[in-house]
Amino acid sequence: MKVSLAIPTGVLLEGSLSLLERAGVSRVTAAQLGRRLFLERDGLRLVLVRPADVAAYVDHGAADLGVVGKDQLWENPGDHYELVDLGFGACRLILAVPETSPIAGPETWPPLLRVATKYPVATAEFFRRSGHAVDIVRLHGAVELAPQVGLADAIADLTATGATLRENHLRVVAEVGSSTARLIANQASLKTRSGEVQALVTKLRSAAR
3 MKVSLAIPTG VLLEGSLSLL ERAGVSRVTA AQLGRRLFLE RDGLRLVLVR PADVAAYVDH
63 GAADLGVVGK DQLWENPGDH YELVDLGFGA CRLILAVPET SPIAGPETWP PLLRVATKYP
123 VATAEFFRRS GHAVDIVRLH GAVELAPQVG LADAIADLTA TGATLRENHL RVVAEVGSST
183 ARLIANQASL KTRSGEVQAL VTKLRSAAR
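At position 15 of the sequence shown the residue is numbered 17 (this note's numbering), and the sequence of numbers has no breaks.
No lab work stands behind these hints: they were computed from the structure.
Some hints here could point you the wrong way.
Once the Cα atoms are required to be at most 27 Å apart in a straight line, the calculated BS3-like pairs of lysine-lysine come out as [stated by the list, open to error]: (1) K120 - K193; (2) K72 - K4; (3) K193 - K4; (4) K193 - K205; (5) K4 - K205; (6) K120 - K205; (7) K4 - K120.
Work out the full structure: start from the sequences and follow the hints.
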């Protein structure tokens, strides 16, 4: 039975495929994957899923291993083991406000700060640690609009280059957390198929940047 690895579509796909090639595991390009949902090659079964679904596939045993952004694990802690920081796909979860806002450091935050975000769990934990009250507005689309129309005082969102923030006239006032791609494993797979799974983990760990 082939070891199965869930890899995410989107921004981490190229990094995941590059990791497999550096590890000498498999040479697969995004073009070769095309619109396929899974591909079996070189003794490995690749399962291509949305980033938010990787942890679920691993937790429920549909994949032995998975490559997923730490930002997704903040929101979906699950029952998997987090094994390796793979080092690519770096970005930050930041707190940002409009350029014209009087809000800066924590000493300027209102008693109850309203924050719009797609990352409510990580955002709530950040404010719990800081001891500051927060009213979280969970959104699923572009959060940059929220402070511009009065829905929120600030946003908590991912940024890699800051370009989207600048385009929307937002400035960073705090860093909530930092994220990179991580290798996660199904608990049962590590126990019942430890030889095959650990062999792949070792190769991927050695190839991680």
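Each hint tested on the structure:
Among the hinted pairs, K120 with K193 is inconsistent with the structure: their alpha-carbon atoms are about 34 Å apart, more than 27 Å. This hinted pair checks out: K72 and K4 have alpha carbons roughly 26 Å apart, not beyond 27 Å. Distance check on the hinted pair: K193 and K4 sit about 16 Å apart at the alpha-carbon level, within 27 Å; holds. Taking the CA atoms of K193 and K205, the gap is about 18 Å. The hint holds against a cut of 27 Å.
With a CA separation close to 16 Å, the supplied pair K4 and K205 stays within the 27 Å bound. A distance of roughly 34 Å separates the Cα atoms of K120 and K205; the hinted pair therefore is violated under the 27 Å criterion. Among the hinted pairs, K4 with K120 is inconsistent with the structure: their alpha-carbon atoms are about 35 Å apart, more than 27 Å.
Checked against the numbered hints above, the structure breaks hints 1, 6 and 7 and satisfies the rest.
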